[in-house]
Structures are given as structure tokens and as C-alpha cells.
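With the hints as extra help, turn the sequences into a complete structure.
From first to last, the protein sequence lines stand for chains A and B. Going by our numbering, the first sequence opens with residue 4, and the numbers climb by one from there. Going by our numbering, the second sequence opens with residue 651, and the numbers climb by one from there.
These are computed hints drawn from the structure, not numbers from a lab. On a predicted model such as this, the values are computed, not experimentally measured, just so you know. C-beta atoms are modelled at their ideal positions from N, C-alpha and C, and glycine is treated no differently. All clues stand as given, with none of them false.
Label pairs and their in silico Cβ distance ranges:
id, chain 1, residue 1, chain 2, residue 2, range
1, B, N917, A, P94, 44 to 54 Å
2, B, E836, A, G242, 49 to 59 Å
3, B, D854, A, R272, 25 to 35 Å
4, B, E836, A, A148, 21 to 31 Å
5, A, R168, B, Q850, 40 to 50 Å
Derived lysine to any residue pairs resembling SDA-like cross-links, with alpha carbons at most 25 Å apart:
id, chain 1, residue 1, chain 2, residue 2
6, A, K10, B, S781
7, A, K10, A, N208
8, A, K8, B, S781
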Amino acid sequence: MTELKEKTRRVAGSRLLDLFLERSIESVVDPFMGLPTHLNYLKRHGIKVDGGDLIEWFVRAGEGLVVNDFTILREDEVAAIVEGSPGCVYPVDMFRAWDGVFFSSEQCQYLGIWHANIRNLRSDGQTGLAIAGLWHVLCYWLEKARNPDEMPDIPPSELAWRYIRETERLVCANNARNTVRRADFSLTLQASNAQCVYLAPPGRNSATEVDARVWMWEAWWQGDPYLSVERYFRDTVFGKRSDRASYDDAIGTVLAAAESFPYVVLQTRPRDTGRFERIVKAFRPQIETVSPSPDETYIIARK
Amino acid sequence: MTLFATIGSQTRDAVRVLSAVGDRFSGRSIGFGMRVANVAGRFAEYRELDPETIAATFYAGALNGIGAVRVVIPYDASPRAVEIAGWDDPPAGAAIAAAMQIFPAATADAIRWHREAFDGTGFPDQLRWNSIPQTAMTINIARAFVAALETHGESGSPRDALFTLVEATGGVYSLSCMREFRTFVEAEADTCLAAYEPRQHLRDCDPHALIARICAEIDARQTRTAGRGDRLERIVRTILDRVGDPQYEADAIAFAGRLTALARTGNDGSADDVFTLTRLGLEARAERAVATAQIVSTGPAFAPFAPILAAVEEWYDGSGLPGHVAGAAIDPAARVVAVAVAADALGADSLTSADALRRIAAAAGTRLDPAVVDAYLAAGTKA
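Structure (C-alpha cells):
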């Protein structure tokens, strides 16, 4: 059975909003956005947001949650995603490699059906919402596989329906042109004129220890059950980060690229705070460390 | 009247009142928040958490609905907009709790994230898995448990309510936390709902200031009523200066005036007390008066204010609600507060509105106590 990470980094939009409002920050760019629910929260509260990531499904989901202002999925469109249409030929063998390893045959068939159905949607916004919704289904299945007796058995199509409907509630407008892009941090930063860069940098070993739920969903989106997301990082600044010095250099490179932005907010853990403070101070002398809870520390640097 | 004489530094009673305010604004029955707090506190103790975390869980449970006070829903909002506006309740509640500066440090964040779901479909932040603090998850479970018990009614048992929750395990509730909660309910089915007091004390504060602050928050929901508490206090003192009767305790009645805000759930744009001198909307206003009395009754130290607040919509001629009480039988403090509330609602505070003063004078003997009206008008004339 695949291991699911116990500890998940807390990235909370409401906390960021508090920090931003105290400093009159009205726009933010996050070059390592991950699944951008925090950007969705900020957007809902009137902050202009830009995001970037190397993992494509994050970006696709971002098109639904962050860029998309008004497109929702109608009932018939959700139905057309979650169930196979009669008469259609579906690639039901596409994820056979996972059959009996992570999922049942029926689940693997549904993954193939959804992979095909989701490409027939009208817009990127709809596709993004559907990806984010179906991702919850994958997570549910993995948890259920670990704890078969404690979670209720819900038919795949019903579960998918429920989760797609959940993500659709996140559609909102903030009258700004928000963007997400699949790009390295430097491209994302170059393309943005935000007031603030929010950094929750990838962990030192995150390429090799990436959560199964993230790489499996990227593999599903790409239609390649053998995909490894490690290759995405190979040619980036974080490629050589097996030792701490290389990793610190990589963070320094990101901070150098963020030089023109008035604010940098770097989220870290209490045990790494001192080290990150030293790195940030080398680029921006005015720093302030805010630790609203034992699990969250923000280093806020002004230009 | 010796209203304040019975009130000591009883911050916990103030928290009970605040909890009831949260219940009222979040559409729950009065006492729901404290029931959640009892279950959450007992569960936290069962898990052998440290005293500060237990206290944080308890107080966050008590104040789980308080954020609704700060969330003003647009007058013409669609059902979806109302639902989405509700997503801001938890962070607003966290901000309110943090501003009070009396609770353990983890309390505000436990309120902030108590509606997050294990699978990432909760709100406000869509946190998922173990990034949701255990205190917040505990409150979410306790909240759903108490809600399920209320749904089952008197016939339901804790085990029945638990059965409802188990269906959402792995979806809304974390597996490990639910596992422990099931054991807790099985082990303490008879006592899990009993009243609980955390061992850790709250930081010292003035309980009246806490309540006055929440009253000001409620008044600020409507542009028309922002700053109403201060205005009412001014009017009450104006009247009492004129009456000069030692039976009135000015500080207490002024405070009672502020307390009339506690159940005012109206959003900005609603005009629920413009017709305060007429019978239009009397039932709704009387319901609010009774609810206000019910809210203050939850904190024993504030309970002496309940009869005053319940009688604010009684009419001097006996045709008011809820009790059709007439004349001198109406609580004297309630008669003063009623004039102050009417004067403020009509915009007569500045004593520049001749029409408002005329209407108040006309209501003497029917809606309002003539002696109190005379005192108010005389004070205005003198000014």
C-alpha cells in the first residue's frame, strides 16, 4: 500500500489575508502554489493573485479555482463527467497498471472514463473544477484502502458527483485578472507585478518524497501511470538540493529573482526560522518574523 | 435596584453569554455552544491533553458561532451568497476571540479552523488532512455530535448521534480523531454531555467590557445602529438625571440599554425597529426581547438583567408583548430603556428631530411610560 504523508504543510488563505490586510497588500504572486485553495480564498476577499507551479494538475486546478470567475458545471455536465456515456469507447485499460496495487478494477476503469470525459468540457475553468473535484475522489479511495472498515463505501460516480459539486462552490470573482502558469519560479515572478511574493518553498527532499496523492493525480492527468514527478524538478534551481548549502543557494536565487517586489512573505517552520531569517536578511535588511501559531512562522521582508 | 451588586469578576459567565450570542447569530438553539464546549472539553480531557489545550478546546467550542456576529449578509443576497458569506464566520470568530485577549493562545485558531473537513472540502481555508489542528477537529466533531443529538430529540442517545457522525469519517472528520471520539462516547455515554469547567483560568478582565464590546460589534452590523450603545447610555443617563429617583441604578440601566443589542440579528439595510412605537412588527421585536433575556440568563451573573430586557416591548397600556403587563407592573428599568430605544430608533438622540419628539410624546401612556417620557422631553427642552 502506498504511504500517505501524515504531516501536511498548512497554507491558510485566511491567515495570509490577515497578514496582508495589516500591511495594505493588495496583490500577491505565489511561484510554488501547489493546489491553490489559499489563492482562491485571497481572491474571494479581493486580493489579486498570480500563481505558478511545475506540476500541471495544480495549474489546471488553478484555472478552475483562481483564474475562472464565473464558469460553473451544470448538473448535466457533472453527470457527463462522472459516468460513461453509452456508445462511447473509453480507454478503460489506461490505468490497469494500478489495478490490484492501489485500486480495484472498477476504480481503474472509472479513472480511464474520467480521463476521457474531462477533456470534452467547454472551458479551462470547468476542466480545472472537475480535476480538483475528482482529485478528492482519489484521496478518498486511498484513505479508504488504508482504512477499509472505517469509511463508508460510496459508489465512484456518486462520490465524484459530490466532490465536483464541492469544488464548484469555490467559483467567485474579484474583478482582477488573476493568472496561473506552469512555469519555473523565475518566469512566474517575471510575469507578475504584484506587491508581494508569497513563498512556501518546496522542501529539500520533496521531489523524492512527494505525496502519493500529488504524483498519482499528475500521472492520471498525463495519462501515464508510470510517471514520476521527480523529473519536473531535475532541471530547476532546486534540482541540486541534496545538501543544505545547495538548497539555501536555491532559496537565495528565488529571493534574488523577487528583488523588485515590495514585500516577500516566506512561510517556514519554527525549527528552520533562524536559517531562513539569515538567508532573507542577505537580500532584504528589514525583516519581521510573525508566528501566529506553533505550526506557522512567516518571515515578512520589506524592500 | 441592585443589579451590579450581584456581579463580581465573573468572566466565565460573560463567556456563557457570548456563547449564547453566537448560538443566536448562527441560527442554533440557545445553549448549543456551551453543550459543544462541554463535549469538546471532556473529550480533550479524555485524550489527556495538557490543561491549556483543554481550556482552548473548551472555550473555542463555546464560541464556535460567535463569528456570525461580524458577518453581515447583503440584504438581497441569494441563498448561495448567504452560504458563502457564512464561510467567513470562523475567521471572524477567531478575530473576535483573539481581540478579547483572555483565552489560551490556541483558542482563536481552533475557532478559525473548526469547520475545516479532513478531505479538504471545509471552510474557510480548505485545509486538509493533518494540517487541521486537533483542537479544531475536536470542536468540529463535538459540534456535529451535539447537533445530531438535537436532531434526534429526547428519544436519541449519544450512541445514536455517534452513528450519524460515523458516516462522515474520512470525509469531514479525521479517522484517528473519530476513532478516539467513538471510544470516548462508548466509555462516557452517561457523562459526555455534563457541564464541564476547564481547570485553567481565564486571564483577568472586566466581564462587562467583554459584553459591551460584543454589543458594539452587533450594533456595527447596521450603518443606522453603529454606535447605538453609547447613544442609548447617553439617553438613559439624561432621563435618570431628570427623574432623580434613587430606585434607578444608572450604570446598570445604561448597561441594560447596551444589552438590547444582543439578539439583533438583522443585517444592514433591514428596518426592523423603525416602527418601534407602532404595533407593526411587535411580535418580532418581542421575540427579540425574549431571546435577549434568554441570552443573558445563560450567565448567572448577568441573569438579573433578564426581566428588564424581556419587558422592553411591554406597552404601558398593557397591550404589549410578551406578557401584556401594564403600567407600574412593568419593570421600571425596562420603561426607561424602552424610551431610550425608541428615541434612538427615531433619531431623536440629538434632540433636533421635532417629529421624533412629537411621536415620542404622542406614545406616552400607550407605548411608553408618561413619567419617563416627560423626563426625557423635559431634559431635551432644558438642553
